[in-house]
Structure formats: structure tokens, C-alpha cells
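J.: With chain E held as given, fit chain W onto it using these hints.
Those protein sequences? They're chains E and W, same order as listed. Position 60 of the first sequence, counting from 1, maps to 60 under this note's numbering, and the rest follow consecutively. Position 319 of the second sequence, counting from 1, maps to 319 under this note's numbering, and the rest follow consecutively.
Keep in mind that the hints were calculated from the coordinates and are not lab data.
Have a look at the derived ranges for each label pair, beta carbon to beta carbon:
1. W:Lys348 - E:Met222: 52 to 58 Å
2. W:Val319 - E:Arg127: 44 to 50 Å
3. E:Phe158 - W:Ser93: 48 to 54 Å
4. W:Ser93 - E:Arg153: 57 to 63 Å
As a list, the in silico DSSO-like pairs of lysine-lysine whose alpha-carbon atoms are at most 27 Å apart:
5. E:Lys129 - W:Lys350
6. W:Lys348 - E:Lys160
7. W:Lys350 - E:Lys152
8. E:Lys81 - W:Lys220
9. E:Lys181 - E:Lys35
10. E:Lys132 - W:Lys350
11. E:Lys129 - W:Lys220
12. W:Lys83 - W:Lys159
13. E:Lys152 - E:Lys132
14. W:Lys3 - E:Lys132
15. W:Lys220 - E:Lys181
16. E:Lys75 - W:Lys220
17. E:Lys152 - E:Lys181
18. E:Lys181 - E:Lys40
19. E:Lys129 - W:Lys3
20. E:Lys81 - W:Lys122
21. W:Lys122 - E:Lys84
22. W:Lys220 - E:Lys84
23. E:Lys160 - E:Lys198
Using N, Cα and C, we set each Cβ at its ideal position, and we do this for glycine too.
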Amino acid sequence: MAQTQVQRDNAPVIEINGLTQRFGGLTAVDDFNVKLMPGKLTGLIGPNGAGKTTVFNLVSGFYQPTEGQILVGGKPTAGFKPHKVTALGVARTFQNIRLWNDMTVLDNIRVAQHYWLGYGFFSSVFRTKRYKQRETQISEEANELLEVFDLKRFADEFPKNLPYGTQRKLEIARALSTHPKLLLLDEPAAGLNSHDVKDLIRLIRWIYDNFDVSIWMIEHHMDVVMELCSHIKVIDFGQTIAEGTPEEIRNHPAVITAYLGDDVI
Amino acid sequence: MKKYSLNMLLVVFAIGLLFAAHFGIIDGYIQIVVMTIGINIMMSTSLNLVNGNMGEFTCGHAAFMCIGAYISSILSVFCFGTKFGEPLLPAASVLIVFPIILLIGGAVAAVSSLLVSVPSFKTRDDYLAIISIAVNYMIISAIENLDFVGGSRGFQGMKDTTWAMIDIFDGPWMLFWVINFTIFTVWVIRRFISSTYGKGVNAISQDEVAAEIMSVNTNKIKIINFMVAAGLAGCAGGLYAHIIGYVNPQSFNILKSTEALVMVYLGGMGSLSGAVISAVIFTGLLEVLRSQAIIDGLLSPVTFMFPDWEPSAGVIKWVMIPLMLIIVMQFRPEGIMGNRELGDVFPKLKRFYRFK
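Isolated chain E (complex conformation):
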């Protein structure tokens, strides 16, 4: 699964044009545009309630946008349920970890293959050849992934019994097991201590180097964003207020105003 030499092509992984989402009178996301090229590590930051998670929810198909268009790998995703979007190659993790706590770690990885199982109810009951073939294949792949992520020793453990940092890691591993082209990380460092944050930075960097995946992350820990992302977009009240390299963002007056208020300048 891990590839050392990653080949990346040049069509955008995701293209968002004029994305707008209104909840009643509130405009959560206003005319959001982005074009992510493959092989980029991009950040999305903004103060609390800026609409970052709403953008992710729109991309992954939980909400249908009021206006605008999302193209994943050139295909519009309007009307797609989240599992369809995942099938197109967009995986995500959640701000609050959402693992299946009463299933083993191995099963957590295996069920994430659900869309690609290629057999149905009757095959599962009659244990057809196809069923056996696919189950062994899936188990092998899942074990391989756990091995790569150094989670193999927890394979039969329940996620709820794992340390928080390991649960994060498992959630990212589970997202990667769907073979995404784009990985959305929603505040991966939330709730981690400074030691775990360093591990996380190393993990994301390692994933970026070894998997053929572009990463788009929301994060509040500035050190994580500044260290990892090559390009950052800042939104506030649903509107894009700045974008650029970490250096540009750090000194951008609009960003400083959004985070610290007017008086500082």
C-alpha cells in the first residue's frame, strides 16, 4: 500500500466554485472558491464559527450546498450521498473521534472497504467463492495497513480502550484504507498534548510522503499548520479573507484582525 515513489498528475483533485451555504438567515459559507492540485498539503484556518467544518461537511456530502459547485476529480458531486463522495476518493476524519467502539480495530479498517466489497447479502449467506476471495483480500489489506501504521498489536482490541493519540492515528488509518485521492483532516490535533502533536506532525508528513494522497486540513494549532502546509486559506464568517504561503498568512493584516481584533493594529 505504501508507495515510496509517488507519481502525481496535474488535474485538480477538487475544485470548488462559488460554494454558498445558508442555514435560514445565517450564511455559513459565502462564495467559497478553491482548486486543490494533487500532491499538495493545504490548510484551512479561521476563528471559531468561521465555517470551516461546514466546508468539509459540504465537500463530503453531508449538506447539499445552497449555491455553487463541487467537482471531485472533474465530476460534480451534486446530490451525492457521503458514501458516494467517499467512493470518488474523498476520505475524512472528524474533530471528535468517530470510531466504531464496539468493533475490533481490524474490523474498523475492514468495514471501511464496504463500498468495494463486490459481494452482496446472498454471497455472505452462502459463502460463495467470491465472498471468500474478497474477505481474505480485505483482511490482508487491513492487516498490512495496520502493520504500516504500527497498530498491528492492537488488531483485536476495541478502539475505546486505546489511548487518545492512538485513536486519532487509527481514525486516519481507517480513512486512508478507502484509498482516497484527497484526505480531509478536521482538527487532527484537537485534544492532543504537545508531545502527541509532534507525533501527529510526523505522521501527517509521513503519510504525505508515502501515500498518493493530497491532504486538506482544518487546524487550530498554528504550529501544525505553519509547519506542514504549503498553502493556507483563511476564512472568517464564511468569507475568504486571505490565502497564501505560511509566511504571507502570518503577517497578513486581515488575518491578525480576524484572530486578535482591530485594536492590535
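T.: Okay, now just chain W, sitting in the frame of chain E:
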């Protein structure tokens, strides 16, 4: 050896039961109790699929049993009975046609489960419970108003089918079918739920949002899961109708659904072996407490103090069973088995059998 030990045990047990019934070692009453246990196992394990494994809360499971019972009864009367005119099929074909009739009843019940599964896309918990009760009432009153099947007077004539079987060979046929279908039910559920495909059901129960984002087509899995559960309940209904030889819509009302619900919660949510064990215990208890002598014995300390009071078994039974439920829920709210299987509770058993 380990692979087949459970199957062999089951076959020996089934053949033993059938022989005992055929040669009159166990009488008709015990046979009826055994058949009721089988039907209750089918009901509790299939409901467990929805309420336990998928974590939805439905309490109208008897509606699907009702549909299965009526559809298979009507087909059976058309094929072998004289109620609607000449039988369509020769009586000799009954042994092949009867299981097909039961499966068709199950299939129709499975399709009717869409009445609950489609609303379950958007609703959960209490609201879905209300919908399922409504469906239960809807189906019962629909049948009560169909004069074609006797309305509220009920429907009979299925005994012709059982007699046709007895004409071929004089044996305990219904016991045979109940044993087969009970094993079939547990087998189907076990295989479905232990495949990665079926684990999608558990994923929905534990975190539906995560399931959807991790590529599980939650709506489709919900439909399939409801269909399997309702279909198996439909088969149970068909068997029930043919054992009694008479069906009445009111025997599938909310009380019947509650019975299934009680068995699931007694056994433990999401535990297949728990559902089987609790169905056996619950049905057994219902029968045992029917005996006036046992009730008198149990209550002798109380009647000793109040000599004027003469409790009747029929009343006291429905005091004792709910009381027992309250006690179980108080001290073991997760049910007899929790969400574990027999092999998890007694790991040593795993050395002797493999269950799949």
C-alpha cells in the same frame, strides 16, 4: 472435527426429537411447546438483527409475522385446500411446495418491511418506534377489513396441507419444518452478521455518520437488514399458522410484538446466542407457570398467611413474568448475555465448536 461438532450435535438433537415425537415418547403437548420455542427463537433472533445489531428501536415485529402467516396460509389453501375450490396442486407435491410457500410468505413480509425501513432513513429511536407500532396496527386493521380472508373472524383451512403431508408419511411433520426453519434462521443471521458486509449493520448502530463517510451505503444496508429480519419473521408466521391451523389478525397485535421485544432485551442486545437462550427460557417459563400446581407451590408462603386468597395461574403468570423482567433489568440491564456471544462468555467452549 471442531468444524462440524456443532452441526453434528444439532443433527443428532433434531433427529432425536423427531424420533421421540414419532414414537410417542414425547406427547403432543411437549411437541407444541417445542414448536413454540422454535418460532420464538425465529422471532427473537430476527428482531435482534434490527433492535440489537442495528440499534434501531422497532416494536412492531409481529406485523411481519402476520403478513407471512396470511400470505403462506392463503397460498397453502389455494394449493392444497378445498376452501377456494379444487386444490391447484397434487397433494403429493406438498413436501416440496410447502417450504416454498413459507419462503414466499417471508418474501412478501420482507417487501412490506419497506414501510418501516424507508422512514428509518430519517428517523431513529422513539420516532421509529412509533412508526413501527403504527405499521403493526395498519397491517392488522387492513387484514381485519379483508373479507376475502375472513376479516376479524380469522382464516382457516391450512390443516389440509398438514394432512396432505401426513398422507404421504405419518410423522411429526410440523416439528420437522420448525426445526429446519429455526436452524435456517440462525444460520442465515449468523453468516450475514459475521461477514464484513453485515458488519456494516453494527457500524450503523455504533456511529451512523462514520458509517456513511466510511463508504457504507447506510440506506441500502438498513433496507436489507430490515428485509432479512422481516422475512424471517414472516417464515415464523407461516409456520405458526400451519401449526395452529387457524390465524386471526389479533393474535399478531402489539402484545405479540412486545413478547418478541422482551425476548431480545432479556437475552441481550446484539447477542445471537442470547436471543436463542432467552427465547427458550421465556417460552419455557410461560408454559411452566401455566400449571396451577406450580403457581400454588410458589405462592404457598403467601397463601399460608392469607388462606382466603386463591390465586389463579392465568392471572399470576402475568404478574410473575413482568416481575422477573423488572428484576433482570434492575440487576442485569444488559440482558443475560450482554452483547457477547456464548463463545465470548465461556472461552473454553470455543475449543469444542466453531460456529459460522
